[in-house]
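Could you build all of it, start to finish, from the sequences and the hints given here?
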Amino acid sequence: MSDQPTIEEFRGKVRSWLSTHVPLKTPGEPFLQWDDEGVARSRRIQRSLWEGGIAGVTVPVAYGGLGLGPDHDRVFREEAADYRMPEEFGNAFNVVLPTLLAHGSEELKKHFIPRILNGDHIWCQFLSEPSGGSDLAGLLTRAERDGDTWRLNGAKIWTTGGNYSDYAICLARTNPEAPKHAGLTMFIVPMSDPGITVVPLELTDGSRDFCQEYIDDVVIPLDHVIGDVNDGWRVATTLMVNERTAVGRGWSLGGSKGQSEDRGIALDTALLELARRNGRSGDSYIRSLIGESWVLTVVQDQTVRRVSDAMRNGHMPGHAAALLKSMSGATGRRQGEIGLDVAGPGAVAWPPEERNRWGIGRLSSHGIGGGTTEMQRNAIAERLLGLPREPSPDRELPFSQIRKNTSPNRK
Amino acid sequence: MELGLSDTQEMFLDATSKLLDERSGPGRLRELIDDPAGFDRTTWDQGGQLGWYAMFVPEKYGGGSVSGAAVPDAAMVAEAMGSRLHTGPFLATNVVAFALAEAARADLQERFLPGLADGSLIGTWAVAGRDGDWSKSSGGLVAHPDGDGYRLEGTTSYVHDATTADLFLVTARTPEGPVQLVVPAGAPGLTITPLDSLDLGRRLAEVHFSQTPVAGPDVVGEGEEAARAVERQLQVALVLQCAETNGVTQTALDMTVGYAKERVAFGRPIGSYQALKHRLADHLMWLEGSFAATAYAATSVQEGRPDAAVAARIAKSHVGRWSTHTLHDCIQIHGGIGMTWEYDLHLYFRRAISNEVLYGAPYDHMRHLVDLVEENER
Chain D
0 MSDQPTIEEF RGKVRSWLST HVPLKTPGEP FLQWDDEGVA RSRRIQRSLW EGGIAGVTVP
60 VAYGGLGLGP DHDRVFREEA ADYRMPEEFG NAFNVVLPTL LAHGSEELKK HFIPRILNGD
120 HIWCQFLSEP SGGSDLAGLL TRAERDGDTW RLNGAKIWTT GGNYSDYAIC LARTNPEAPK
180 HAGLTMFIVP MSDPGITVVP LELTDGSRDF CQEYIDDVVI PLDHVIGDVN DGWRVATTLM
240 VNERTAVGRG WSLGGSKGQS EDRGIALDTA LLELARRNGR SGDSYIRSLI GESWVLTVVQ
300 DQTVRRVSDA MRNGHMPGHA AALLKSMSGA TGRRQGEIGL DVAGPGAVAW PPEERNRWGI
360 GRLSSHGIGG GTTEMQRNAI AERLLGLPRE PSPDRELPFS QIRKNTSPNR K
Chain B
0 MELGLSDTQE MFLDATSKLL DERSGPGRLR ELIDDPAGFD RTTWDQGGQL GWYAMFVPEK
60 YGGGSVSGAA VPDAAMVAEA MGSRLHTGPF LATNVVAFAL AEAARADLQE RFLPGLADGS
120 LIGTWAVAGR DGDWSKSSGG LVAHPDGDGY RLEGTTSYVH DATTADLFLV TARTPEGPVQ
180 LVVPAGAPGL TITPLDSLDL GRRLAEVHFS QTPVAGPDVV GEGEEAARAV ERQLQVALVL
240 QCAETNGVTQ TALDMTVGYA KERVAFGRPI GSYQALKHRL ADHLMWLEGS FAATAYAATS
300 VQEGRPDAAV AARIAKSHVG RWSTHTLHDC IQIHGGIGMT WEYDLHLYFR RAISNEVLYG
360 APYDHMRHLV DLVEENER
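For the protein sequence lines, the chains are D and B, in the order given. Each residue of the first sequence is one higher than the one before, counting from 0 in numbering that gives the first Met the number 0. Each residue of the second sequence is one higher than the one before, counting from 0 in numbering that gives the first Met the number 0.
To be clear, the hints were calculated from the coordinates, so they are not data collected in a lab. The beta-carbon is built from N, C-alpha and C at its ideal position, and this holds for glycine as well. Among the hints, erroneous ones may be present.
To give an idea of the interface, some chain D residues facing chain B are shown, with a C-beta separation under 7 Å as derived from the structure [stated by the list, open to error]:
hint, residue
1, I264
2, W293
3, A309
4, H314
5, S325
6, M326
7, L384
Below, the structure written as structure tokens:
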């Protein structure tokens with residue numbers, strides 16, 4: 000510990016490396032850029048952080064990190080606030096790395112963690128399946144022992160960046176005769192395996208950040224298991240807690256300048272300007288709606304700050320992140336309604352040279368991505384309020400004896 | 000729920016909570032339903048010893064607040080009061096103390112602040128007309144210039160604790176803009192008509208002024224200065240009101256979650272049904288938003304930040320709207336028992352409804368946000 004840099008030494012080192020090796024953020028650029036250019040740039044940036052000796056601030060030295068504490072991490076985030084961070088490594092750093100640290104074998108940690116830090120490996124998550132996303136423990140992808148290997152078959156969906164990832168952290172069923180939570184195992188799956196077929200998914204608003212994967216006879220070494228065989232649900236729980244915690248602090252690998260410092264409320268005047276263009280800005284009802292939209296936006300920001308701080312300081316449990324996800328679902332829906340009300344018919348038909356987001360906003364104002372609002376409500380009710388679970392037949396019986404997740408056949 | 004309190008704030012809150020647990024609560028409120036004052040003087044005085052009315056008063060007049068930040072400290076007390084349905088002129092007196100401490104001349108401060116700080120004087124703010132406008136453009140009262148002072152004419156309404164107040168901070172109109180004046184109880188031409196109140200622990204009244212003389216030394220502020228002061232007073236009132244409402248909502252939600260865990264129907268606790276637990280989850284979520292917005296507004300108003308006017312109105316818009324939404328559902332989820340007089344929930348709902356519209360209803364404040372943005376553009 001004695002050779003640790005002081006906070007100020009570390010700040011100086013980070014500042015000087017970033018200013019000479021990493022590009023600044025550009026206004027309006029997307030947070031994630033899942034295309035050849037965006038991914039290549041992020042690999043270069045992560046590589047550079049590694050070469051500069053500032054990658055993996057809190058990761059133990061034994062696995063290639065700096066072995067520093069939360070104060071150094073905060074300094075890194077403050078200094079990185081204005082720079083483009085390799086956000087396409089978000090799953091690797093926010094989800095996979097802490098899960099490996101908690102449950103991975105020494106060999107897995109020594110092999111895989113440095114390859115995240117040096118920019119070699121982008122990771123995705125193989126959790127949800129086409130047969131069901133909310134009922135994760137009811138998944139159907141199976142792994143069977145085949146001599147000295149595992150053989151995986153199944154399908155996964157809603158993987159962010161699946162088409163650009165090197166590895167996936169993959170939950171699969173290893174014992175169908177056990178109750179559903181007790182027969183799962185967490186695997187490491189190489190995306191380069193010819194048995195993995197990646198198909199991008201297009202969402203209602205035309206975005207294409209998610210993928211679906213088919214897994215056909217993918218062979219996995221016996222030791223590429225995180226945690227114990229059939230103990231994958233515990234590993235998945237760690238994973239999900241880390242995911243929610245990262246969502247709570249904004250997901251970014253860098254930070255915004257002085258995240259805890261307050262820059263005051265800024266009200267976005269887009270709706271007001273829209274109402275003016277439509278000649279409706281004097282209408283009392285429309286003015287109420289514009290004000291309501293601001294209230295929703297600002298209170299959501301304030302709540303994110305409050306709950307994130309509380310989780311960081313231990314005043315609230317990690318499950319409190321469900322409050323934030325749930326709120327974004329609830330406010331998103333109302334924002335969609337308000338946008339449509341203020342825009343009127345202009346939301347559904349517009350001149351080709353114009354970009355109009357109000358109708359699309361209503362169309363995609365659902366709370367599904369990252370876990371449905373309904374699942375967040377269950378988490379809030381059961382984990383924060385302590386309300387009892389709804390009785391269900393699927394938790395005690397062997398998985399092979401319960402009804403499997405199915406969807407109605409689509410034509 | 001207050002997060003991140005300092006040790007001294009914790010001690011102050013503990014002492015406050017202890018007194019409130021002993022002297023307040025729904026049972027006590029029921030005892031006070033027919034009491035004209037609506038609160039008991041003993042508890043009021045004990046609160047004074049704890050410093051409940053001293054927070055906005057400078058030290059030289061016997062004031063002070065534990066953290067040095069009066070608005071968050073007072074909000075903390077208001078929340079504790081809301082959770083026990085405490086009654087009495089806490090908000091009214093503190094807003095008057097704030098106004099005099101911030102705006103008034105030294106002689107006015109010397110006359111009134113020591114008494115307000117220790118609770119021997121009760122103050123209340125008379126501003127809204129019958130139209131329920133608490134802003135600087137409120138039009139209930141007219142002040143006619145008269146020598147070095149004014150003569151007051153007209154009616155203000157929704158005045159807190161008018162029959163027990165020792166002094167009124169009056170906001171009135173003149174051709175040159177608003178003016179704020181101190182009028183003692185019993186002033187010539189001042190009459191009070193108590194109103195029936197939905198909140199059984201709240202005492203609201205119309206206060207009429209007929210040729211009521213106000214001498215020059217009792218003028219608190221005039222013109223632009225008074226307009227700014229009215230806005231600041233409204234901000235403080237909104238923050239304290241929101242904090243009180245949050246205490247009300249938290250208690251009602253706790254009662255309902257507890258009930259849903261124990262009440263069994265169709266073979267299991269009703270709280271296990273998603274149809275109910277999802278609603279309770281939403282109420283907790285909106286309540287966290289209420290705490291966040293109120294805490295933000297308290298700090299912003301305390302520091303007089305440029306966004307204070309916006310922050311206070313955002314808090315009121317959110318808290319006002321969702322508190323009554325939650326209280327409504329608390330009664331619904333309780334079922335039959337929830338709609339009885341004997342069960343305490345309606346006492347909480349009454350306060351939440353009352354707080355939703357006093358000092359401006361949510362949609363009034365939402366519209367006012369647009370006004371503020373347009374004013375800034377000019």
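Going through the hints against the structure:
1. I264: Hint holds; D/I264 Cβ to chain B Cβ min 4 Å, cut 7 Å.
2. W293: Since chain B brings a Cβ to about 6 Å from D/W293, closer than 7 Å, the hint holds.
3. A309: holds, 5 Å
4. H314: Interface hint status for D/H314: holds (5 Å vs cutoff 7 Å).
5. S325: holds, 5 Å
6. M326: holds, 5 Å
7. L384: Holds, because the Cβ-Cβ distance from D/L384 to chain B comes to roughly 5 Å (cut-off 7 Å).
Checked against the numbered hints given earlier, this structure breaks none of them.
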